[in-house]
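Visitor: Protein chains in written order, with full-length UniProt numbering: chain S, 1 to 325; chain A, 1 to 264.
Hints are computed from structural coordinates only; laboratory data are not their basis. All of these numbers come straight from a predicted model, not from anything done at the bench. Treat the hints with care, since some could be wrong.
Unchecked claim - Chain A is nowhere near these chain S residues, computed Cβ spacing over 12 Å in every case:
| hint | residue |
| --- | --- |
| 1 | 102 |
| 2 | 104 |
| 3 | 122 |
| 4 | 227 |
Stated by the list, open to error - Partner residues aside, some chain S positions facing chain A, computed with beta carbon under 10 Å:
| hint | residue |
| --- | --- |
| 5 | 69 |
| 6 | 73 |
| 7 | 98 |
| 8 | 103 |
| 9 | 144 |
| 10 | 146 |
| 11 | 150 |
| 12 | 164 |
| 13 | 167 |
| 14 | 192 |
| 15 | 193 |
| 16 | 196 |
| 17 | 199 |
Glycine residues also receive a C-beta, built at the ideal position from the N, C-alpha and C atoms.
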Amino acid sequence: MTSPTTATSRTDRKPYAIEAYGLTKSYGKPAVRVLDGIDLRVGHGSVFALLGPNGAGKTTAVRILATLTAADSGTARVAGHDVVAGRSAVRRAISLTGQFAAVDETQTGEENLRMMARLTGLSRADARRRAGELLERFGLTDAARRPARTYSGGMRRRLDLAAGLVGSPEPGVFFLDEPTTGLDPRSRQELWEVVRGLAERGASVLLTTQYLEEADRLADRIALLNKGRIAAEGTAAGLKGRIAGHRLDAVLTSSEAYLRLAGRAVHHSPETLTLGLPTDGSAAHVRALLDEIDPAGTEIDRFTLHSATLDDVFLALTSEVPAHV
Amino acid sequence: MSETAVLPGRAPGPLTHAAVMAGRSLRISRRNTDALIMSLALPIMLMLIFVYFFGGAIDTGALHSSYVMYVVPGVILLCAGFGAATTATAVSEDMKGGIIDRFRSLDVGGTPVLAGHVAASTVRNLVATAVVFGVALLIGFRPAASWDGWLLAAGILVAYIVALSWISAAIGLLARSPEAASGFTFFMSFLPYPSSAFVRIQSMPSWLHGFAENQPITPAIESLRGLLLGQQVGNTPWIALAWAGGMLAVAIAASGVLFRIRTR
Numbered sequence: 001m002t003s004p005t006t007a008t009s010r011t012d013r014k015p016y017a018i019e020a021y022g023l024t025k026s027y028g029k030p031a032v033r034v035l036d037g038i039d040l041r042v043g044h045g046s047v048f049a050l051l052g053p054n055g056a057g058k059t060t061a062v063r064i065l066a067t068l069t070a071a072d073s074g075t076a077r078v079a080g081h082d083v084v085a086g087r088s089a090v091r092r093a094i095s096l097t098g099q100f101a102a103v104d105e106t107q108t109g110e111e112n113l114r115m116m117a118r119l120t121g122l123s124r125a126d127a128r129r130r131a132g133e134l135l136e137r138f139g140l141t142d143a144a145r146r147p148a149r150t151y152s153g154g155m156r157r158r159l160d161l162a163a164g165l166v167g168s169p170e171p172g173v174f175f176l177d178e179p180t181t182g183l184d185p186r187s188r189q190e191l192w193e194v195v196r197g198l199a200e201r202g203a204s205v206l207l208t209t210q211y212l213e214e215a216d217r218l219a220d221r222i223a224l225l226n227k228g229r230i231a232a233e234g235t236a237a238g239l240k241g242r243i244a245g246h247r248l249d250a251v252l253t254s255s256e257a258y259l260r261l262a263g264r265a266v267h268h269s270p271e272t273l274t275l276g277l278p279t280d281g282s283a284a285h286v287r288a289l290l291d292e293i294d295p296a297g298t299e300i301d302r303f304t305l306h307s308a309t310l311d312d313v314f315l316a317l318t319s320e321v322p323a324h325v
Numbered sequence: 001m002s003e004t005a006v007l008p009g010r011a012p013g014p015l016t017h018a019a020v021m022a023g024r025s026l027r028i029s030r031r032n033t034d035a036l037i038m039s040l041a042l043p044i045m046l047m048l049i050f051v052y053f054f055g056g057a058i059d060t061g062a063l064h065s066s067y068v069m070y071v072v073p074g075v076i077l078l079c080a081g082f083g084a085a086t087t088a089t090a091v092s093e094d095m096k097g098g099i100i101d102r103f104r105s106l107d108v109g110g111t112p113v114l115a116g117h118v119a120a121s122t123v124r125n126l127v128a129t130a131v132v133f134g135v136a137l138l139i140g141f142r143p144a145a146s147w148d149g150w151l152l153a154a155g156i157l158v159a160y161i162v163a164l165s166w167i168s169a170a171i172g173l174l175a176r177s178p179e180a181a182s183g184f185t186f187f188m189s190f191l192p193y194p195s196s197a198f199v200r201i202q203s204m205p206s207w208l209h210g211f212a213e214n215q216p217i218t219p220a221i222e223s224l225r226g227l228l229l230g231q232q233v234g235n236t237p238w239i240a241l242a243w244a245g246g247m248l249a250v251a252i253a254a255s256g257v258l259f260r261i262r263t264r
C-alpha cells in the first residue's frame, strides 16, 4: 500500500460497512423461519448492536453476513463486496468471533495465532511477529506459551478475537457474536474495553448480545431483533425516547395522601401506596414537583426516579422478557 | 510501534493451507500421548497374541516357515486401520467446535482441512508401522525383499494409509459426535479379519470366500506379504493400488459433499 492512488481503495468509501436487505433463512423440516426479512445498515467506523433474546436469529444473521451460511433470499454487502459473489473478498476483509471460542485447546495461544496468520498467507517470520503483536495487544503475552485449554473464559475470548484479527487489514469489519456470553463481570469489562479499542481504531463492528446494558454501553446504534424480525432500530437514547422520559415513583405515608394525588399519576400501585408521576428528570423539576405535591414535607416517605430503560423499550416492542445483566 | 503489514487480497492456495493444517494436526497428535501410545500398543499386543497364543494352532501352508512370517503384513495393515480411524475422531472434534468456522472465515476450504488431518494420520501411521516392524524383527520376522519389492510395498502401504485415513475423515464428517465417529470406524479396524491377514481364506467357511478374496484389504496383504518375503506376486500389487486409488477418490468426493452439507 505504497502508491497514493490506492489510498481510497481500503474501504471503497462506500456509505456502509455492512448493508443487508430482506434477508430470510429457514431451517429444518418442517421449516422454521429463523430470519424473516431483515434489513441492516452499519456505517463505517460505527458499532452496531443486534439485541435480542435467545432464538431471535442473531447468530444466523451474523453467519450470513460472515459468508458462513447462505440466505434463502435477500442480499447483503460487507466491506463493499457481495457476500455470495464476493465471498473470498468478504472473508479477507472481516474478522469473526463466534459464541464459542474457535481456537485449538491443545495448542498454545501463540501457536494458534501463528497458525491463523500462516493461513492468511503470512510468511513464517511475519506470522511469528504478527502473533507477538496481537498477544501483547490483548494482554496475553504472559500466557502465550500455555495451551489454550488452561485459559480463563475471558482470555479465551480475547485469544479468539486476536485470531479473528490476524489476517484482516485494519480498520476492518468485525462480527462479534455474543462476545461476553458466559463471562464473569470482570472479563466482560475487559472485553468491552477491547471492543472500544477496536472502535477507536476505526473498525466497523456488528455485535450481537442479549444484554441490554452491553448494547447501551458499546453501540452507536441498536437493532432489536425478535423472532427473525427487526422490532426497532435506532440509537440507545432514541429507542428509550420512544417510551417516555422519566418517572418519579413516590411512596406515600397515608392512604389519604394517595387518594388525593392519584389523579395526577400515570402509574398506580395502591398496595404499596406508590404513585408514578411524570417528570423530565431534571433536578429543578423534581424539586418543584415534590414541593408542589407535598408542601408540608410529611406525605412522601421516599421516592425513586427512573429513566425509561431499554428493558422498557424491549418489553413494549416485543412483549418478551430478555435476559438481564 | 509499526505493525506487521497485512496485505489484503493476497490469498494463499490450498496447498499452503493443507501444509499448515498438517502441521497443526501433527502438533496436536504429538501432545495427545494417550492416543499415541494406544495406537502403538494395540497392534504390538495383537501381533504378540497372534504369534504366541494362536500361531501354533494356525496352519499357513508350506510357503511360510513360521506364523510370524505369515502374520506381520496383516498386523501392519491392522495397525494402519486403527491409526486411520483416529482421523474420524479428530475431524469430528473439529466439526463440533467453532474452529471450522474460523478456518472457513479465513477462506480455508474443507479439502485442505481434511488433507491436513490425513497427512498427519499418515505420518503417525508410518511411525507406528516402523515400531511394529521393529518388534516383528525382534520376534523372528525375516524379510527377503528386493529393493523394488521394498519400494512397492512401502508405496502400497502409504496408499492404503492415505485412503483409509480419508475414508475415516469422511466418517468424521458423517458422525454427529466424536464418540459416534470412533464407533463408526470400528468396521474399518475389523476389515483385516475376514481376509488372508491372519488365517488362510481356504480355512474359512465357503460362503465367506467370495468376500474375503475380493475385499480391498486382501490384495494389500497378499502383495505386502509376497513382496516382503520375495515371493511371486503377479499383478496383485496393481490391484491393491487400484483399490487404494479408487477408495481415495470416492472418499475425497464424498467428504467434499459431506463438508458442504455440514457447513451449510
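Visitor: Against each hint, give a clear statement of whether it holds in the structure.
Guide: Quick rundown of the hints versus the structure:
Not every beta carbon of chain A lies more than 12 Å from that of residue 102 of chain S, the smallest distance being close to 3 Å; the non-interface claim is violated. In this structure residue 104 of chain S is not separated from chain A by more than 12 Å, as the shortest Cβ-Cβ distance comes to only about 6 Å. Listed as a non-interface residue, residue 122 of chain S fails to keep its Cβ farther than 12 Å from every Cβ of chain A; the least gap is roughly 7 Å. Every beta carbon of chain A lies more than 12 Å from that of residue 227 of chain S, the smallest distance being close to 22 Å; the non-interface claim holds.
Checking residue 69 of chain S against chain A by beta carbon gives a least distance of about 7 Å; that is within 10 Å, so the hint holds. Given hint, residue 73 of chain S at the interface with chain A, is violated; its Cβ is 16 Å from that chain's nearest Cβ, farther than 10 Å. The criterion of a C-beta within 10 Å of any C-beta in chain A is met by residue 98 of chain S, whose closest approach is roughly 5 Å, and the hint holds. Taking 10 Å as the C-beta contact cut-off toward chain A, the hint placing residue 103 of chain S at the interface holds, the least distance being around 7 Å.
Proximity of residue 144 of chain S to chain A is violated relative to the hint, the smallest CB-CB distance being about 15 Å (cut-off 10 Å). Interface hint status for residue 146 of chain S: violated, as the beta-carbon distance to the closest one in chain A is roughly 13 Å, over 10 Å. Against a cut-off of 10 Å between C-beta atoms, the interface hint on residue 150 of chain S is violated, since the closest Cβ of chain A lies about 13 Å away. Because the beta carbon of residue 164 of chain S sits about 7 Å from the nearest beta carbon in chain A, less than 10 Å, this interface hint is met.
At about 6 Å, the closest approach between the beta carbon of residue 167 of chain S and any beta carbon in chain A falls short of 10 Å, and the interface hint on this residue holds. Restraint check, residue 192 of chain S versus chain A: the minimum CB separation of about 21 Å is more than 10 Å; hint violated. Of the supplied interface hints, the one on residue 193 of chain S is violated, with its beta-carbon coming no nearer than about 19 Å to a beta-carbon of chain A, more than 10 Å. This hint is violated: residue 196 of chain S has a C-beta 19 Å from the nearest C-beta of chain A, more than the 10 Å allowed.
A cut of 10 Å between beta carbons decides the hint on residue 199 of chain S: the least distance to chain A is about 18 Å, and the hint is violated.
The structure does not agree with the numbered hints 1, 2, 3, 6, 9, 10, 11, 14, 15, 16 and 17 stated previously, though it agrees with the rest.
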